[in-house]
Structures are given as C-alpha cells and as structure tokens.
Amino acid sequence: MKILVAIKPVPNPDEKVKIKGDGSGIVLDNIKMVVNPFCEIAVEEALRIREKQTGEVVIMTIGPKASEQQIRTGLAMGADRAVLVEAGTDLDSLAVGKVLAKVVEGEKPDLVLMGKQSVDDDNNQVGQILAAVLGWPQATFASKIEFAADNRKANVTREVDGGLETIEVTLPAVVTTDLRLNEPRYASLPGIMKAKKKEVKVIPLASLGVDTAPRVRVLSYAPPKQRAGGGRVADVPELVAKLKNEAKVL
Amino acid sequence: MADILVVVEQQEGVFKKNTLSAVTAAKVLAGLAGGEVDALVVGNGAGAAADAVAGTGVRKVLLCEGASFAKYLAVTYARAVAQIVKDRGYGAVFAPASTFGKDFMPRLSGLLDAPLASDIVGLEREGGDLRVKRPMYAGNAVGTVALVGSPMLFTVRQTAFDPAPAGGAKAPVEKVAVTVDAGGTTYVSLQETKSERPELTEARVIVSAGRGIKAQENFKMVEDLADTLSAAIGASRAAVDAGWAPNDWQVGQTGKIVAPELYIALGISGAIQHLAGMKDSKVIVAINKDEEAPIFQVADYGLVADLFKAVPELIAELKKLKSA
Ligand SMILES: Cc1cc2nc3c(=O)[nH]c(=O)nc-3n(C[C@H](O)[C@H](O)[C@H](O)COP(=O)(O)OP(=O)(O)OC[C@H]3O[C@@H](n4cnc5c(N)ncnc54)[C@H](O)[C@@H]3O)c2cc1C
Ligand SMILES: Nc1ncnc2c1ncn2[C@@H]1O[C@H](COP(=O)(O)O)[C@@H](O)[C@H]1O
Numbered sequence: 000m001k002i003l004v005a006i007k008p009v010p011n012p013d014e015k016v017k018i019k020g021d022g023s024g025i026v027l028d029n030i031k032m033v034v035n036p037f038c039e040i041a042v043e044e045a046l047r048i049r050e051k052q053t054g055e056v057v058i059m060t061i062g063p064k065a066s067e068q069q070i071r072t073g074l075a076m077g078a079d080r081a082v083l084v085e086a087g088t089d090l091d092s093l094a095v096g097k098v099l100a101k102v103v104e105g106e107k108p109d110l111v112l113m114g115k116q117s118v119d120d121d122n123n124q125v126g127q128i129l130a131a132v133l134g135w136p137q138a139t140f141a142s143k144i145e146f147a148a149d150n151r152k153a154n155v156t157r158e159v160d161g162g163l164e165t166i167e168v169t170l171p172a173v174v175t176t177d178l179r180l181n182e183p184r185y186a187s188l189p190g191i192m193k194a195k196k197k198e199v200k201v202i203p204l205a206s207l208g209v210d211t212a213p214r215v216r217v218l219s220y221a222p223p224k225q226r227a228g229g230g231r232v233a234d235v236p237e238l239v240a241k242l243k244n245e246a247k248v249l
Numbered sequence: 000m001a002d003i004l005v006v007v008e009q010q011e012g013v014f015k016k017n018t019l020s021a022v023t024a025a026k027v028l029a030g031l032a033g034g035e036v037d038a039l040v041v042g043n044g045a046g047a048a049a050d051a052v053a054g055t056g057v058r059k060v061l062l063c064e065g066a067s068f069a070k071y072l073a074v075t076y077a078r079a080v081a082q083i084v085k086d087r088g089y090g091a092v093f094a095p096a097s098t099f100g101k102d103f104m105p106r107l108s109g110l111l112d113a114p115l116a117s118d119i120v121g122l123e124r125e126g127g128d129l130r131v132k133r134p135m136y137a138g139n140a141v142g143t144v145a146l147v148g149s150p151m152l153f154t155v156r157q158t159a160f161d162p163a164p165a166g167g168a169k170a171p172v173e174k175v176a177v178t179v180d181a182g183g184t185t186y187v188s189l190q191e192t193k194s195e196r197p198e199l200t201e202a203r204v205i206v207s208a209g210r211g212i213k214a215q216e217n218f219k220m221v222e223d224l225a226d227t228l229s230a231a232i233g234a235s236r237a238a239v240d241a242g243w244a245p246n247d248w249q250v251g252q253t254g255k256i257v258a259p260e261l262y263i264a265l266g267i268s269g270a271i272q273h274l275a276g277m278k279d280s281k282v283i284v285a286i287n288k289d290e291e292a293p294i295f296q297v298a299d300y301g302l303v304a305d306l307f308k309a310v311p312e313l314i315a316e317l318k319k320l321k322s323a
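So the sequences go chain by chain: A and B. By numbering that gives the first Met the number 0, the letter at position 76 of the first sequence is numbered 75, and the numbering carries on one by one without gaps. By numbering that gives the first Met the number 0, the letter at position 282 of the second sequence is numbered 281, and the numbering carries on one by one without gaps.
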C-alpha cells in the first residue's frame with residue numbers, strides 16, 4: 000500500500016508561547032520546532048501498515064525550507080521519502096488543502112494519513128478540506144484502522160463525543176489521527192543516519208498554479224483572560240466551608 | 000447581508016443542546032451584519048429536533064430528511080448542506096464545535112471553497128468589517144481573524160455563547176428534498192458511552208481525575224464524589240490513555256471544552272493541554288499531593304493532599320452538609 004502522510008512543523012507544544020508585544024504574532028525565536036504530535040501518530044500508523052503489508056510511506060509538507068528538519072524526523076522514524084512544497088508565507092487551511100490535493104494527484108496513494116489538528120492554530124480542518132477537494136471519503140479522529148483483505152476498504156473507529164464510532168471507507172481515502180491510534184516510536188540512531196540520504200523533493204509553491212490567496216487571515220493575537228488562581232485551603236473542612244459560603248457553588 | 004443558517008446537531012432525532020449556543024452566535028452575527036437566522040436539520044425521523052429548534056427564535060426551520068441521512072456521515076451531510084446553502088444563497092453557516100461540527104464543516108469549506116473559522120469564542124465589528132475571535136495555541140493566544148469571501152463558515156465553542164432560550168413561539172418547519180450519494184462511506188456501528196450522569200458539556204459540576212487516581216477501580220471513588228454533587232465525570236488524557244476512562248471524558252485542547260460552575264481536578268498536574276479545556280470554569284478546585292503542580296496556578300481552592308485520603312473525607316463532609 001502506498002501511503003502519503005501530511006506533516007506540519009509546530010512550536011514545541013510543551014512550551015508556553017509568548018505573544019509579541021504589538022500582538023502581530025507569536026515569539027518563535029527560542030522555541031524548538033517539532034513535528035505536530037498528531038502528525039507523528041500519522042507517520043507511526045503509516046509505518047505499521049507498511050510493516051504489515053509492504054508498500055511505501057511518503058511524507059508531504061507545505062512550508063518554508065526549514066521544515067526539512069521536521070521532515071527528516073519523519074524520515075528517521077522510517078518513512079521512505081518526502082515532498083516539500085516550499086512556501087514563503089503561512090497558508091490558510093483552504094490553501095493547504097488545495098496544494099496537498101495537487102501533491103496527492105501526482106503521487107496517487109491508496110491512503111492519506113494526517114493529524115486531526117495542528118496544535119498551533121488548532122484549526123482541525125485540513126484533512127476534511129483535502130478529502131472534499133479530492134472528492135474522497137474521509138474518516139476523522141481515528142483510533143483504529145483495519146483493512147479489508149483486498150485493501151479496497153477500511154474500517155475506521157473514530158473518537159466522537161458520544162463514544163467510539165466505526166465507519167467503512169472505500170480507498171483511496173483521507174484518515175485523520177486521534178491520540179489513541181498508537182504511540183509513535185522514537186527515531187533510532189541508524190534511522191537518523193539513513194534519513195540523511197533519503198530523497199526530499201522540493202517543489203516551489205508557484206509551480207503548482209494553485210490560488211492560495213488567504214481566505215482566513217489572523218490579524219492579531221492577544222493573551223487570554225488571566226485567572227486569579229493560586230488560592231489555597233488547609234484541609235477538607237475549610238474547602239467545603241469556602242465552597243459553600245464564599246464561592247456559593249454547593 | 001445574506002441570511003444565516005445554523006446546522007442543528009441531533010442524533011436519532013434527539014436534539015443536542017450545543018446547537019443553542021450556535022443559534023446565539025448566529026444571532027450575534029445577524030445583529031452585527033443583518034440577515035435572518037434559519038435552522039437546518041438533516042436526518043431521518045428528526046421532526047422532534049426540528050420542533051425543538053423551532054422555538055429558539057429562528058425565522059424558519061428547514062427539515063431535510065431521507066433514508067441516506069439516517070446515520071450521520073460527513074460526506075452526505077456536507078453535500079446536503081452545500082446544496083441547500085448554494086440553492087438558497089445563505090451568507091453564513093454555523094454549527095457547534097463538537098465532533099459533529101468539526102467533522103463536516105471543514106468538508107463543507109472544501110466543497111464550497113468557503114472560509115471557515117473553527118471553535119469561535121466571539122464576533123465583533125470593527126468599522127465595516129467582521130472580526131472573529133478564536134483561541135489558538137491551546138488557548139494561550141486569542142486570535143482576531145478576518146474571513147474573506149462568502150459564505151462564511153463558523154464552528155462555535157459552546158462555552159463561549161449562552162444557549163438561546165428554546166421555549167418560544169414555534170417558527171414554521173419547511174421540508175427540503177435533497178438527494179446525495181454517500182461517496183464511499185458507510186456507517187458501521189457506535190459504541191456509546193452509557194451514563195446516567197449529566198453530559199460533560201452541560202454539567203453544572205464536573206469531577207475530573209488524572210493519572211494520580213492510579214487505577215481503574217479507583218474511579219469508583221470519583222463516581223461516589225460525582226454522585227454526591229450530581230456531577231459529570233471528566234478525565235485527563237493520561238487517565239484516558241491508560242484505559243481507565245472512555246475517550247469522550249477527556250477534557251482539554253484536543254478533547255472537550257468545559258466551563259461548569261465548579262470543576263474539581265483530582266490528581267491532575269495541569270498541563271497546558273488540559274488547562275485549555277477547563278480554565279474558563281467558574282470555580283476550580285484542585286487536589287494534588289504535589290504543591291508545585293501547575294494546576295494550582297489556576298485553582299481558586301487548592302488543597303495539597305493525598306487524594307485517597309482527601310476524597311473520602313470530602314464525600315463525608317458533603318453528605319453531612321446535605322443532611323444538615
Ligand atoms: C497533542 C497533545 C494533545 C493533548 N491533549 C490533551 C487533552 O486534550 N487533555 C489532557 O488532559 N491532556 C492532553 N495532553 C496531555 C498533557 O500534555 C498531559 O500529559 C496530561 O494532561 C497529563 O495528565 P495528568 O495530569 O493526569 O497526569 P500527570 O501529569 O502525570 O499528573 C498526575 C498528577 O497526579 C498527582 N498525584 C499523584 N498521586 C497523587 C495522589 N495520591 N494524590 C494526589 N495527587 C496525586 C501528581 O502530583 C501529578 O501532579 C495532550 C498532549 C499532547 C502532546
Ligand atoms: N502546512 C502543512 N503541511 C502539511 N500538512 C499540513 C499542513 N498544515 C496542516 N497539515 C495537515 O493537516 C492536519 C490538520 O491540521 P489543521 O487543520 O491545521 O489543524 C495536520 O495534522 C497535518 O497533517
């Protein structure tokens with residue numbers, strides 16, 4: 000099976016981001032960029048599928064040249080090769096979806112795996128947009144993927160508000176990953192060495208002829224409302240008394 | 000501006016209350032930009048849901064029924080909504096930012112080539128222009144966003160907009176017929192999380208447990224506490240990953256966003272991703288044995304204690320209070 004995995008570099012989610020003084024953006028100077036955690040899960044799933052059935056795992060990313068670093072992380076985990084569509088500016092979800100569709104049309108995979116959400120913009124959009132543009136089935140928030148014997152269909156279990164839903168999709172399809180799908184491996188040292196030699200094909204965005212004019216523009220960023228917080232109680236009786244008499248929530 | 004459509008979330012004809020917050024957000028837009036608000040129910044045997052939304056002050060309810068809509072599927076719902084939006088020229092579409100709205104609305108965005116703002120918490124007007132507020136970076140930043148083109152699509156964070164009052168005069172219900180193809184997707188099954196408790200997103204009180212609870216059987220203690228408070232139960236990702244709690248109990252950036260009157264966090268450290276889902280709660284209580292745990296920074300009442308000692312004591316105190 001040939002699998003395309005879309006990955007996005009994001010600021011390390013364990014660090015608290017700072018907003019620039021003038022609200023024009025996020026301070027990224029000292030923050031490490033990493034592979035979006037949901038995309039790591041997508042890479043892992045692709046590798047496990049390939050390990051079971053043979054095939055090829057190809058990474059695709061749209062971003063600046065520096066994205067190559069996160070692409071190499073995916074290659075070090077075990078992906079075979081990568082396509083980087085080099086774009087100078089951040090694109091919005093519709094633009095990313097349309098550009099990824101071009102890559103997919105060129106590569107003709109059996110399956111596209113991606114994260115359900117990038118943890119910087121928290122959009123949760125691109126997989127579904129890509130599926131719509133391609134006219135393919137979609138299965139979002141996957142916690143389990145099982146293929147039919149002939150690989151023409153897959154049953155995908157999805158994490159939904161009421162529990163776990165299973166749908167069947169005909170391949171090719173777009174599947175987006177949720178947290179419980181797997182636990183991604185770390186890149187091994189030999190993996191990191193091998194990754195250096197793997198092919199990363201760079202395609203200039205302009206050469207694809209896609210209209211990427213922004214449709215959703217982030218004009219400014221502001222900090223959220225701060226909570227007072229930090230209050231302490233000494234023991235359970237004090238807690239209950241305060242909840243009753245001060246907070247009046249009991 | 001053109002009229003506004005709210006897509007109703009319902010399951011097997013049962014109306015989901017998160018739709019009421021989407022109705023409110025749609026009315027805010029109507030107040031800022033003009034236009035009438037209609038509701039759309041897609042489903043089969045969903046008349047009761049249409050009836051429920053008819054009393055929320057919308058102009059009319061469109062009811063799109065058919066065997067192919069009996070079970071929700073992103074492909075069929077997005078196609079049906081796309082066709083109705085195109086046929087009737089709606090200028091904006093709202094849906095709840097639940098796993099329902101998050102699934103089909105981006106697909107609708109792709110079908111209509113229409114901009115979508117996810118998980119919005121505010122709508123404002125600046126000069127002649129619409130400005131949308133939405134949390135980003137696990138809630139550590141609130142972005143001010145502009146959408147270019149029409150229709151504009153929005154998924155609405157339930158906790159950010161009060162539910163529209165639902166008992167008003169009934170708007171007319173108009174049937175619409177749409178035929179769509181399921182495009183290679185088939186519903187198979189739903190393994191529902193069954194619970195007698197209030198829904199997480201609607202509960203007045205939530206008791207939430209994390210890795211500190213240590214084992215599935217200890218959730219019994221959490222349930223006892225929840226029972227004394229008529230509370231819903233939530234969990235951190237660590238507790239869900241461990242298999243102690245079902246996936247749909249996860250509170251956080253990538254789980255459910257909640258804002259109850261009272262949120263009690265037991266053995267939860269307070270990672271950024273967890274705080275993103277609960278820091279708008281009115282009152283936060285944290286019980287954690289580590290006095291440095293970041294959860295204490297957002298807690299109104301922090302108790303440094305072993306939860307296995309504190310929780311039984313808390314249950315006893317609450318019972319005393321009840322019987323007093
Ligand atoms: C992409 C991504 C998305 C994520 N999304 C979410 C999300 O939506 N929701 C979420 O919750 N997390 C999410 N996380 C995970 C998050 O980063 C944390 O790992 C997680 O919230 C930790 O859960 P915890 O607080 O239960 O566990 P821990 O961080 O291990 O904390 C356990 C706490 O229990 C305390 N404790 C232990 N024993 C006792 C005792 N006997 N009595 C009292 N206290 C005790 C400890 O002091 C500690 O503070 C996400 C992570 C990533 C990378
Ligand atoms: N610039 C990008 N390049 C490649 N994949 C992307 C990009 N942006 C988003 N994606 C994919 O889309 C998923 C969902 O992202 P989002 O809709 O932005 O939350 C991510 O997990 C990635 O798999």
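Certain hints may be false.
Derived DSBU-like pairs: lysine-lysine, alpha-carbon spacing no greater than 35 Å straight-line [what the hints assert, rightly or not]:
1) A:Lys51 / A:Lys17
2) B:Lys193 / B:Lys318
3) A:Lys196 / A:Lys152
4) A:Lys51 / A:Lys196
5) A:Lys31 / B:Lys132
6) A:Lys1 / A:Lys152
7) A:Lys15 / A:Lys51
8) A:Lys143 / B:Lys219
9) B:Lys288 / A:Lys17
10) B:Lys26 / A:Lys241
11) A:Lys101 / B:Lys219
12) A:Lys241 / B:Lys70
13) A:Lys17 / B:Lys213
14) A:Lys107 / A:Lys31
15) A:Lys107 / A:Lys51
16) B:Lys213 / A:Lys1
17) A:Lys247 / B:Lys288
18) A:Lys97 / B:Lys321
19) A:Lys224 / A:Lys195
Ranges between beta-carbon positions, derived for each pair [to be verified]:
20) B:Pro162 / A:Lys196: 52 to 62 Å
21) B:Gly242 / A:Lys31: 28 to 38 Å
22) A:Glu237 / B:Glu291: 15 to 25 Å
23) A:Val199 / B:Pro162: 30 to 40 Å
24) A:Glu237 / B:Pro162: 26 to 36 Å
25) A:Arg216 / B:Lys319: 54 to 64 Å
26) A:Gly228 / B:Met0: 19 to 29 Å
27) A:Arg216 / B:Gly88: 41 to 51 Å
28) B:Lys174 / A:Val199: 51 to 61 Å
29) A:Ala233 / B:Gln215: 29 to 39 Å
30) A:Lys19 / B:Gln215: 39 to 49 Å
31) B:Asp223 / A:Gly228: 20 to 30 Å
Hint data in this document are derived by calculation from the structure and do not stem from the laboratory. Remember, predicted model here, so these are calculated numbers, not experimental data. Note that beta-carbon positions come from the ideal geometry of N, C-alpha and C, so glycine has one too.
Here is what the structure says about each hint:
1. A:Lys51 / A:Lys17: Violated - the C-alpha atoms of A:Lys17 and A:Lys51 are around 43 Å apart, more than 35 Å.
2. B:Lys193 / B:Lys318: holds (26 Å)
3. A:Lys196 / A:Lys152: holds (34 Å)
4. A:Lys51 / A:Lys196: holds (24 Å)
5. A:Lys31 / B:Lys132: holds (27 Å)
6. A:Lys1 / A:Lys152: Roughly 14 Å separates the two Cα atoms, so the pair holds.
7. A:Lys15 / A:Lys51: Given that 35 Å is the threshold and the Cα spacing comes to 39 Å, the pair is violated.
8. A:Lys143 / B:Lys219: With a Cα-Cα distance of about 28 Å, the restraint between A:Lys143 and B:Lys219 holds, given a limit of 35 Å.
9. B:Lys288 / A:Lys17: Holds, at about 29 Å.
10. B:Lys26 / A:Lys241: Status violated; Cα separation ~38 Å.
11. A:Lys101 / B:Lys219: violated (52 Å)
12. A:Lys241 / B:Lys70: Violated: A:Lys241 and B:Lys70 sit about 47 Å apart, past 35 Å.
13. A:Lys17 / B:Lys213: holds (34 Å)
14. A:Lys107 / A:Lys31: The given pair, whose Cα atoms are some 33 Å apart, holds under the 35 Å limit.
15. A:Lys107 / A:Lys51: Answer holds: A:Lys107 to A:Lys51 is near 21 Å, not above 35 Å.
16. B:Lys213 / A:Lys1: violated (41 Å)
17. A:Lys247 / B:Lys288: Between A:Lys247 and B:Lys288 the Cα gap is close to 25 Å, so the pair holds against 35 Å.
18. A:Lys97 / B:Lys321: violated (59 Å)
19. A:Lys224 / A:Lys195: Status violated; Cα separation ~45 Å.
20. B:Pro162 / A:Lys196: 52 to 62 Å: The hinted range 52 to 62 Å holds for B:Pro162 and A:Lys196, with Cβ atoms some 58 Å apart.
21. B:Gly242 / A:Lys31: 28 to 38 Å: Holds, at about 31 Å.
22. A:Glu237 / B:Glu291: 15 to 25 Å: holds (21 Å)
23. A:Val199 / B:Pro162: 30 to 40 Å: Check failed, 50 Å falls outside 30 to 40 Å.
24. A:Glu237 / B:Pro162: 26 to 36 Å: For B:Pro162 against A:Glu237, whose Cβ atoms are near 34 Å apart, the range 26 to 36 Å holds.
25. A:Arg216 / B:Lys319: 54 to 64 Å: holds (56 Å)
26. A:Gly228 / B:Met0: 19 to 29 Å: Since A:Gly228 and B:Met0 have Cβ atoms about 41 Å apart, the given range 19 to 29 Å is violated.
27. A:Arg216 / B:Gly88: 41 to 51 Å: About 24 Å separates the Cβ atoms of A:Arg216 and B:Gly88, which means 41 to 51 Å is violated.
28. B:Lys174 / A:Val199: 51 to 61 Å: Check passed, 54 Å falls within 51 to 61 Å.
29. A:Ala233 / B:Gln215: 29 to 39 Å: holds (31 Å)
30. A:Lys19 / B:Gln215: 39 to 49 Å: holds (45 Å)
31. B:Asp223 / A:Gly228: 20 to 30 Å: holds (27 Å)
Checked against the numbered hints above, the structure breaks hints 1, 7, 10, 11, 12, 16, 18, 19, 23, 26, 27 and satisfies the rest.
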